[in-house]
Each structure stands twice: as C-alpha cells, then as structure tokens.
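There are 2 protein chains.
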Amino acid sequence: MESMMIYMPIAAALIGLIYMVVKKSWVMKQDAGDGKMKEISDHIYEGALAFLNAEYRLLAIFVVIVSIALSAVAYFVPTTHWLIVIAFIFGAIFSAFAGNMGMKIATKTNVRTTQAAKTSLPNALKVSFGGGTVMGLGVAGLAVLGLTLFFLGFFHFFMGGVWTNTMDMTIVLETLAGFSLGAESIALFARVGGGIYTKAADVGADLVGKVEAGIPEDDPRNPATIADNVGDNVGDVAGMGADLFGSYVATVLAAMVLGNYVIRDMGGNIADAFGGIGPILLPMAIAGVGIIISIIGTMLVKIKSNDAKESEVMSALNIGNWVSIVLVAITCYGLVIWMLPETMQMNFFGEGLLEISSMRVFYATLVGLVVGAVISSVTEYYTGLGKKPILKIVQQSSTGAGTNIIAGLATGMISTFPSVLLFAGAIWASYAFAGFYGVALAASAMMATTAMQLAIDAFGPISDNAGGIAEMSEQEPIVRERTDILDAVGNTTAATGKGFAIASAALTSLALFAAYVTFTGIDGINIFKAPVLAMLFVGGMVPVVFSALAMNAVGKAAMEMVEEVRRQFREIPGIMEGTGKPEYDKCVAISTEASLKEMMLPGLLTIGFPLVIAFVPMIFGMNNLAIAEMLGGYMAGVTVSGVLWAIFQNNAGGAWDNAKKSFEAGVLINGEMTYKGSEAHKAAVTGDTVGDPFKDTSGPSMNILIKLTCLIGLVIAPILGGHASEDINSNEPITVTENAAVKKVYVDFIITSDDFAKAVVSVTNVKNEEISTEELVISGTKEEVDAKVAQLKSESTQFKMDVTDSRPVDVK
Amino acid sequence: MESMMIYMPIAAALIGLIYMVVKKSWVMKQDAGDGKMKEISDHIYEGALAFLNAEYRLLAIFVVIVSIALSAVAYFVPTTHWLIVIAFIFGAIFSAFAGNMGMKIATKTNVRTTQAAKTSLPNALKVSFGGGTVMGLGVAGLAVLGLTLFFLGFFHFFMGGVWTNTMDMTIVLETLAGFSLGAESIALFARVGGGIYTKAADVGADLVGKVEAGIPEDDPRNPATIADNVGDNVGDVAGMGADLFGSYVATVLAAMVLGNYVIRDMGGNIADAFGGIGPILLPMAIAGVGIIISIIGTMLVKIKSNDAKESEVMSALNIGNWVSIVLVAITCYGLVIWMLPETMQMNFFGEGLLEISSMRVFYATLVGLVVGAVISSVTEYYTGLGKKPILKIVQQSSTGAGTNIIAGLATGMISTFPSVLLFAGAIWASYAFAGFYGVALAASAMMATTAMQLAIDAFGPISDNAGGIAEMSEQEPIVRERTDILDAVGNTTAATGKGFAIASAALTSLALFAAYVTFTGIDGINIFKAPVLAMLFVGGMVPVVFSALAMNAVGKAAMEMVEEVRRQFREIPGIMEGTGKPEYDKCVAISTEASLKEMMLPGLLTIGFPLVIAFVPMIFGMNNLAIAEMLGGYMAGVTVSGVLWAIFQNNAGGAWDNAKKSFEAGVLINGEMTYKGSEAHKAAVTGDTVGDPFKDTSGPSMNILIKLTCLIGLVIAPILGGHASEDINSNEPITVTENAAVKKVYVDFIITSDDFAKAVVSVTNVKNEEISTEELVISGTKEEVDAKVAQLKSESTQFKMDVTDSRPVDVK
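Line by line, the protein sequences are chains A and B.
Anchor point for the first sequence: position 485 equals 485 in the numbering used here, and the numbering is continuous, going up by one each time.
Anchor point for the second sequence: position 625 equals 625 in the numbering used here, and the numbering is continuous, going up by one each time.
Hints may contain errors.
Rough simulated footprint, nothing fancy, chain A against chain B, three-plus residues with beta-carbon under 8 Å [what the hints assert, rightly or not]:
1) 156-166
2) 280-290
3) 386-400
4) 527-538
FYI, nobody ran anything at the bench for these hints, they're computed from the structure.
In this text, all values refer to a predicted model and were calculated from it rather than measured experimentally.
Every residue gets a Cβ at the ideal spot worked out from N, C-alpha and C, and that includes glycine.
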C-alpha cells in the first residue's frame, strides 16, 4: 500500500472533483426565480464572462511571451529543462480554469440564493454555501490534481519513477516550479485586474448613485449597478480563486523541495516504504487528505432556525472550520508518523546536521494550524463589529472624516503588532522544530483546508450578489434582510480569510526563500554586504509602490465610471423615474477596459524587478553567486514589507467598512444614538471609500506579490547557481588535504543532465557544527565534472569518496 | 600643524558659537514692536518654556534611570566602562540645551520678524533667517564641541593621547557612543513630544475655530491659538533642533568608529602626520569646516526687492545652500587628500582586503552630497505647489475627501520609488568606493552643512509664528502678506529638510549597523537563519506601530483640546465678540500634559524592543553571537521599514498640505476655477488633517527611531560580543596547523581592559579572498587570554605571531 501512496492525492483530488460535480448539479437544480431575477442574473453572468474572456485573451499573450522567454532560457542555459515551459503553460491554464469555474458557479448560485431566501434563511445559507463549496472543491481539487500529475510525469521522465539521488529530484522539482509560476502569474493579474474592476465599479456606483443621486445601493436605475455586481464575481470570486489556487500549489511545492533536501541531509538515500521519497510525498498527502476533510467540514455547515442572527450563521461556519482543523491535526499526526523516518538528519545553517524526530515535524504542522486559527481571531478583533478598535473609529467619526481616517489608518498599523509577533513566533518555532522543512509543513497544514476556506470565503460575495438581485428585482424586504445577514457574515469571513491568506503566504514565501538559497548554493543571505542590503531596501519599497499603483488604478477607473454614470443620468430621458433603461453594458465595458489596462504596470513591476536584478549585473560581468545573494536580499525585502503592508491595508480597510456598517444599527456617540445619514456616518462613508481599494485591491495582492517574487527567484536560481562554468577552467590549485581542521568532505551534485553537471565539494571543519566556506563548485558537462572530481581524488590520497554519491564521506 | 588637527574642530565650533552670540545680540536688538505684539510673543515664549521645563523634568527622571542601568551594566560587564554614563548624561544635557536654546531664540525672533515685516520683506527675511542662523550655529557648534571634547578626554584617559592599537581606540569610541545615545534619546522624546503637542494644538484649534466657529486661523478669540503657536516652537524648532543635534553626533561617531577599523585593516598602525589617527579625525574635521562653510552660506541669503515673490526668497536660500554644498565638496577633496594615506587597505566582507585610494573616499563623500541634493529635488517634486502629483490630488478633491485621501496616500507611497532607488544606489556606490567607511563619510559630508540646513529649516516656523502674531495683534494686511510669503517658502524647506534628514539617517544607520557588526565580532547578519529572519520581521513592524501610536496620541490630545475650546466658547461670556478673554493657558496646559503622557509608549517601544531581544534570550542561555545576529536582523528591519514609512508619511503629509494650499490662489478643476470654501477645498482640508500627524509627528520621528535603535545596538554590542567567557573553559581542542588551505592567521583584540580581554583568531584561506569561518574567540581576563594564546603558540610550531599586535601575521 505504501508504494501506492503517490496516487493517493490524485484519488483524493478526484473524489473532491466528483463531489463538486454532484454538488454543482444540486445547486443548478434549485429554482432560479422569476423572469426579472433571471434577467439580472444573466446580465451579471455575461458581464463577468466578458471580463474574464477579455482578461484571458490578454493573459494568453502574456503566457506566450513568457513561454518564449523560458524556452530561450531552457535552450541556452544547460541547467534548465524545456519541460518547465509546458509546466508553466499548464499552471496558467489550470489557474485560469479554476477562477473561471468559480466565477461561473457563483453567478449561477446568486439568483438561486435570492430565490431560496424567499422561503427561509436556512435554505438561503444552504444554497449560497453550496455554491461556495463547489468553488472550493473545484479549486483545491484542480490544484492537487495538476501538481501531483505533473510531479508523477516528471518523476518518471527524469528519474524513471524511482529514487536516484537529490540532484535528479532537484531537476524534477525545479521543472515543477514552472507549474507554480504559471499559476501564480495568472493569480497576480486575476487578483489585481479583478480588484481594480470591482472597486472601480463599486466606488463609481456609490459616488454618483448613493451620494449624488441619493438612490439606494443596487438600485436598478443606477447604470453602474450591474458592473458593481459583476465586480463582486470577478474580484472576490475569480480573483480569490486564482489566488488560493496559486498559494496552495506554491505551498505544497515549497515543502516538496525542502523534503528533497531532508533526504540529501540524511545521506542522499532513505530506506522507507514510500520509494525513498516519503518526505517529498508528505505535503502532497496532507493536501490530498485535506480535500476529504474539507468535504466533511462543508457538510457540517447548516442552521435550523429561520430567525437566526449573524452570530448563529457565524457559528455554523465556525463549527465546520474548527472540525476540519482538528481533523487536519489528527491526520498530520498519522501521516507524519507513518511517512517520515522516525528520526531524520537536517542541516541547520550555522549549526550543522541535527537529529530531528518525526514528532518534531508534527509539532511544526501544529504551529501552522495554531497560527491559522490565531491570525483569524486577531483579524476579527481589529475588524469585527462591536470590537474596541471599531468603536473607537466610530467615535472618531463624530469629529469628521479626517479623524475617522486617522483612526482607521492607526488601527491597520497597530494590527501589525500582534500579527507580526505571531508570524515571527511561528517562523521561529516551526524552524526550531524541524528547520525550513518544518516552516514549509506548517504552511502546508495551514493550507490543507483550502477547499473549506474557499467555501467560506466564496459564499460571502454570492450572498452579496443575491442581495443585489433582490434589490434590483424589487423583492419583499424580508428577502433582502435574509441575504443581508449572510452578507454581514461574509464580510467578517472575508477579513479573516485575508489574514489566513497572508499568514500562509508569509510561511510559504519563507519556504520558497529557503529553497532558493539551497538551489543557488549560496552561503546564506548576508545583509552585512552593502549590495545585499541595498536590495533589501529596494525589495521593501516594491510592495509600497505596487499598492500605490493599484490604488491609483482604482481611482482612475472609478473617475471614468463616475463620468459615464453622470452622463447617463443626464442624457437618458426618464432614467430616474424608472421609465428609461440605463445602459449597463457601457459601465461594464468601462470597468473591463480600465482594469485590464491598469493591471499591466503593477504586474510589470512585480515580474520585472527580479529579472533586472538578476540579469543586468550579469551583463556587467558580476559574479553569479553575488547576484544570487542580492536577489535573495530583494526577496526578503519584498516578503517583510509585503506582509506588513498586507496586514496594514487589509485590516484598515476591514475596520473602516465595519465602522461604517455600525451606523446601520445605530451607535452611541457622546451619549447620543447616531444613525445612517448623520454627519458622523458620512465621515464613516468617506473612510470606507478609502478602505475599499485597501482591502479589495492592493491589500490582497500583497500575498501574490511576495509568493510570485520568491517563485521567480526559484526559477532563476539554477541560472545563477549553474552558470559559473568558468570554474572548470580555473587555474587555481585545488587541494583538499587531510588536516586536523577538516573532518568530512561532502560532494553533492546540484544539477545534472545530459550536457551539464555541477558538483559542490564542501568541507566540514573540526568543530563539526559548521560547514567551512572552503567550498568548491565544479560545473560543466558531466564528463568535465567527472574528470575534475577524478583529478581531485588522484591529487589527494585522503580523498576517498564515491563521486556518484551525495553522501558525506569521511576523509580517512 | 598636522598634529594640532585634533583641535581644529573645537576651534571651528567655538568660532561658530561666537558668531552665534554676535548674531543673537543683533537679533535681540531689533525692535520687538508694540505692547500687544510683545504680550502675545511673551505668551508664546512662556508657553513654550513651560512645556520644555515640564518635558525636561520628566526626561531628567529618564536620564537618571538609564544612567543607573548603564552603571549597573558597566559594573557587572567587564567590557563596558563607567565613563559611558558620564558621556550619556552630557549627551542628554547638550541635546536638551540645543533644543532649548533654539526655542528661545525662535520665540524672541518671531515678534521681531513681525515688526520687521511692517517695514519691508527683505528686512523680515533678514530677521527671521537671522534667528534661524542663531539656532543652526548653536546646534551644530554644540554638537561638534561636545563630541570633540569628549573624544579628546577619552583619548587621553584610555590611551594617554597617543595611538596604541585598535582595541584601545574601540573602547574610546564605545564610551563616546554614550554621548550619542544620550543625545538621540532626548531627541526621540523631544521630537515625539513636540510633534504631538504641535499637532494636537493645531488640529484642536482648526476643528473648533476654523470649522465649527468659522473664525480665521490665529484669531485671538480662539483659546487654542497660543497653544498652536507654542506648538510650532516646541515641535518644529526645539524638536527638530534636538533631532539634528542627534543626527550630527551619530553620523560623525559612526564615521570615527569605521575609521578605526580602517586603521586595523591597514595592520593596526599607520604612520601619518595626525598621530596615526587621520581616518578617525577626518569626519570631525569635515564637521568643523562645515560650520565655517555654513556661516559663509548663511551670509549669502538675502533678497533686495520688497516685491519679491516666493520663488525669489526660495532662490536666495538656494544660493546659500548650493554654495555651501560646493564648498563642502572642495573641502572634502582637500581634507581627504591631506588627512588620509594615499592608499589604504580595507576589509570588504566576503572579498578580503582591498586597496583603496584616498580619491575613492573623496568620491564617496561626493555620493553623499549628490544624494542630499537629489533627495531634496525628489521631495520637492512630490510635495511642491504646482507639481503634477499635487495637481492630481487637487483634481481628486473634486469627488470628495475619500478620493483626495486615496490620491494623497498613493502619492506618498509612490514617492518611495525614486527615494529608495536613490538610497540603494548611494549605499552601493559609497560602499563600492570605500566600504562602510565610505558610507559613513557620505553621510558626514551630507551632514557637514547641518548649521545651514537648520537655519533654512528654522526660519519657516519663525515666519509662521510671525504671521500668527501679526494676525493676533491685528496688523495691516500687508504685514501678514509678507510673513505669508516667508511661511510658504518655509513649508517647502520643511518638506525638503525632512527628505534630507531621512537620507542622512539612512546612511548613518547603515554606518552604525556596520560598526555594530564589527563590534560584536559576528560573521555578518545572515537572514537565512530563521531567528534572524523572524527579527527582521519584528524590526519591520516597529516603525509601523510606532507611527500608529504617535498618530493615536495626536488624535487623543486633539480631542481633549476640542472639548476644552468648545467649553470656553460655551462658558466664557463675550468671547466671540472679543469682550471676554479666552483662557489660553488652559489649552497650553492640555497640550503639555497630553503630549508628555502620550510620548511614553512610543519611547518605551523604541528602547524596550532591542533590550528584550538582547537580554531575554540571554536569560534562557542562548549563544551570545546568535543573539547579536538576531539583534542585527532587528536593526536592519527597523532601518528598512523606518526609511520607507518616513518617506511615505512625510511626502503624503506634505502633498496634502500643499494641495490644500493650492486652493488659496485658486485651482482649475474640470475647467472651472475653484477657491477656498468650495466643496473640493473642504475635501482638501480633510486630507490636510490626516497629513498633519503624518508629516509633523510620526513621519519625522522615524529617523530618530532608526538611529536610536542602531545606537542602542552599538551600546549593547560589547556585552553581546564580550560576554562569552565560557569559551576559555571549553574543552574543545584548539589547533591551527599549517596546511595549504591556511594562508594567514590574524589575531585581533576586540576588547581589552584591566579585567577583560577578547581575542579573535581568524584564518584566511588559500583563496585569499575569503576569511574562513575557522575563527576562534578567546575571552576572559587579560591573563587568561594571554595564557591561551601562548598555549596556541606552543601547540603549533607554525603559529608565529606577536600577540600584542593585531597585524595579520604570515604563517611560516
């Protein structure tokens, strides 16, 4: 059975996808309501589809360009295999498909939720959460299926399906990184493009409709209202789907890469029942079981009472969520004990090889689960209705928009305190338990319930849309009240979901960062070198500028929308009386075009910067390992700053939103009950306008930015690490002689293919806890490297080792 | 003559102080106007003095507590000398005195500027800039005098006034760091306390006076108006004076520390005409000449025409500024060529010893001067009236406060792009020219004209006050118009001054960071170690939370002020008619108390975090060098994030301010001229309210935060680097034998005193470009270390070296 374990994640993914199909047909069988409702729903569906199609056409061009670039790299750089291009393309396609699928089911579920809300609240939850479940399982199933199939394929192609050595597996995983790169690239554009779309439409609709014309939200007389509802689907659904698809794949990949290094540290071979690749299979296995657990979790989400309030809906979701987290913990225990050797050797930088028991790996997964849970509570505290920070913003609204804004900004900024301490503690603890493999597995455990998280996240915008349809199709107030309950809960889950996303992105990026350092073969990232420090600064700046570009894009697109809505109000006769029909499609077109145009620059910034840092100094003949270290500094800068700005923006935006919402039920300011329409409320609305791009455009893009940056680094890694073919021609004498200070000589092939090989000869010094910098890199064709190693052996009688083996060999 | 060079900076400082006294008596001789003007001026003077006295009382307690802590450390930790306590106390006193003196002259100059403005604009500039000059020369003179005197004292105390070796000089400079620590601690509280004071009063006065009661700014009926004018003096004058005093001292100190390491890298001894300490004296010499140059620069600032506009006043300032920068460049060339050896050896981390010509050091100083100039232009672009970013914010104001805020935030964020690229380029270039010594000298050159910069900075708030006095004493409109011209120029110089301050802080922090790494003797800061990376995250978070605390403090204090002003309007009969007298002192008291209370928490955060990171793991028995590396990661995090947040906040705040100001002359929005009082203007006022704490409280505090953090690290450094006395008892065999891989053995005493010594034995490997990690730290009493080194020698026949020498000694 153990040897079949590699197929288990595929089976689990297929079960997830089958369950998804079943659930989908159930949702589609639900009543879609009357003609007007269907018409509105169709408008939204078509608008969303039109946007996605336009977006995918544009992204297809992008994929072609990147593929050509990758092919050229694969052709000229012997350490890169052309299969990475195929993996990249499929990663992009899978990611786009996941987003597209989610959007389709969401736009079909919204009207059915409205119809269900006519009967009862439990039914409305059942339908909307059903739609979310379809999306969640679809995304997670596709992610696990795609990643596992490609892994299997490459494992057979490069290694014949059996473990050979670390360097071969490195090539497998390096090529697999193309899949993740494809997925994450699409996610970036989907998130940013969708985020710009949704906020441009939202702000545009609100500013003219609500504020200037004084008509309610989602009023059918507002020309931008369809665009607004489309935005919920392309931003909050399709964008988020692509985002979590990318996260999921990147997390599992990073853990696999580090699992490969665990095997290397253990001597290059482990005798386990899983074909000797237990540590590599483990993260896939956790992901696979996570899908099954998510199915169980989604089944537990239900309410009975038709008079349920937000808190009861929230606890229904919490039950499902908590049960799945506990189940993941139990599963991790079983899988870790079963699949990993009882004790492993792991190389800790600066500390040498340490003995790590498999129980410590399990503890690392627990760290991940705890962080996932705690970050949600932290986020809820800073953004939740009725909590202290929100009440303070509400109070500060009484003295105007200025003080409301200051309070909201300060809340977002303060919220970085517990969040960052939590992340720092998690990094430290999971690393202390099981090194960077522990960090990666903490992220994997946290991400195991991605399907469940997505279901919880996606039901929010579905309910939001359902409310919009209820309003536009002029249903009884009770229908809107019911969807509003779901929508309110959805706002909270959206905020906590963002906390969860950034937590997992932080851990995943660190794991990718660790993989990068090992791939390139550099001796860590030392910020005491000025060029590395300079790049740390540059990296820190990129998330800030990225956020500004995204915000400006929203501003620009919203202004265009405002002009168009004003024009229609002015020019279409009878529009305010309901006799003239607004031109919805014009507004949809404006949002579509503006968001596609505006997503280019931030995307270029993200992809361009690491390429410039890697290749410009290379042209000037800078040492490749020095460049690799600089790029590492850049990656660290982007990660640290990106995490900070994500927390800041997400929480400030969420806090402003709920401060504004607080006025709906009335708030006590200076002893007086204050409601919607008051001056304080208007100030709170201004705060929410600022918060919108924060929380829905720039904030959630941060986690893709940091993951994509680290992935690009990982894909560039072999170019930087394997390019130094002049080493082979060096005239420097190479001598490794026995002496008291040298204890072990360690030969490892980082890359090997038909026309290229690279060996690293490291010398462990007498203290045994440090790897000496006396490290020799030999690269060139396989023959050249073999010859050089043979020469090494002949030069030194103490140099006894098997050159095809990456096991540490004792000198005498 | 060369041997007397050590006294030159003292002479220059005394010349500066004498010129200051002369200038001051000239200012005081000017007419202080009529009785009402004098009365108002006295109110401001007394309010400011009351605040400073209350602040200093509180800070005296702080100084006593820190002194006791430092004494305890000096007593228990053998590597720290008790004289650091004396240096700390004097640093604090000098800093407080500099701030106090600046505030006094400013509050005396304001009314004289008003009076001068009655006659002509050139006279008004002459008086206000004269006051600024007094302050600038006072601060710079005191800084150079204090630092040089203490250096001379310690040089004689520890070394008998002649060069002995690097380790003795390290103790001199380590003790001197106490002076800088004292200065920077006071600066932190002065900046934050003053910043809270000025904005609480400003926001409070505006919200009730301008917005609610509809009376103009500085109207004598507004009870908060005196507090507002006091705020300009305690925040923009006293706070800034203490800030730049601290920067100046820290910059010169950092360059001296790195100069000491240049001497070490050159073999521990250089034969120059400056007593063998040319590289250490150079930064002091540059500072000394800088004072004389600043005097020349200030003399050039004058205008002739009474009808001059802002641009002519600005170019008068620019002439003075540019001439002084060019003179500094020429001086640097002369001093560098004269004082430094023609070629030096400098140890570049990871690259080994390189030959550096003194011309390259000169190029590094040019880098500093260029950065100082360019960052001012960049800042002016993003915050200047009539520039594209400001026009965009103005346009976005037409759709309300929300879009105005988004545009302002985005402008601040985008402005990090050129600024950070500039800093990164400067770090890289100055390091490439002359290592970290080059980075430190770049900062020194940039800071050489501190006196001139301060004169330019201080004349702004003086003119602002002069305008206030004109309004309150009901002068002819022409008087206010003239002071308004000066005030407008002052706003621009305030923004560019902040850019300058953060640029110098960034370079200084890096130099301090480099000094820290060398002091502790760690092998760089490697962020591939998870605990170091975790601390990078934590460090990145601190400036964000610090800013939030400062902003919240302003919000809280402003709310109290609002309540008080409302109460007075309600309860004092005839106040609005001008027959009832407002209780100005109550408002002054509120600002004073609130700011003193609220500055505690940010201060605690800044000082507490590095102490917790250093000492808590120590209690748990963590390795000291590992802690030192973690603390280094923290310092890097604070620096990178602090620089980003400083640029973001300063520029966003400046941009909002000038966007609001644009409405005074009228702006073209959608083809219509729009003025003060329009809806768009109201939106711009809201933006300015948000920007106020950004640009005057949290933003400018960032540079003190990062410098203070690095200074605390530097003071802790010997504790971390010298505490490992268990090394001496280690049972590990220590052997350094001849082999092909070992080329040079390097013994260096990092610390030596009567009861403690520490030797680091490093081995340079065969490649010559790398220092091997085969590094041995021996610490304990001097006898123990001597014995161990003797043992080393006896164990290995190849180990030929003079243990009292830190010169690299060839093996065999």
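Right, here's what the structure says about each hint:
Figure legend: the region 156-166 of chain B, annotated as covered by chain A; annotation inconsistent (0 residues with Cβ-Cβ distances under 8 Å, at least 3 required). Given a C-beta distance limit of less than 8 Å, the hint that chain A covers the region 280-290 of chain B is violated, as 0 residues qualify and 3 are needed. Counting residues of the region 386-400 of chain B whose beta carbon lies closer than 8 Å to any beta carbon of chain A gives 3, which meets the minimum of three for the stated coverage. Counting residues of the region 527-538 of chain B whose CB falls under 8 Å from any CB of chain A gives 11; the rule of at least 3 is met.
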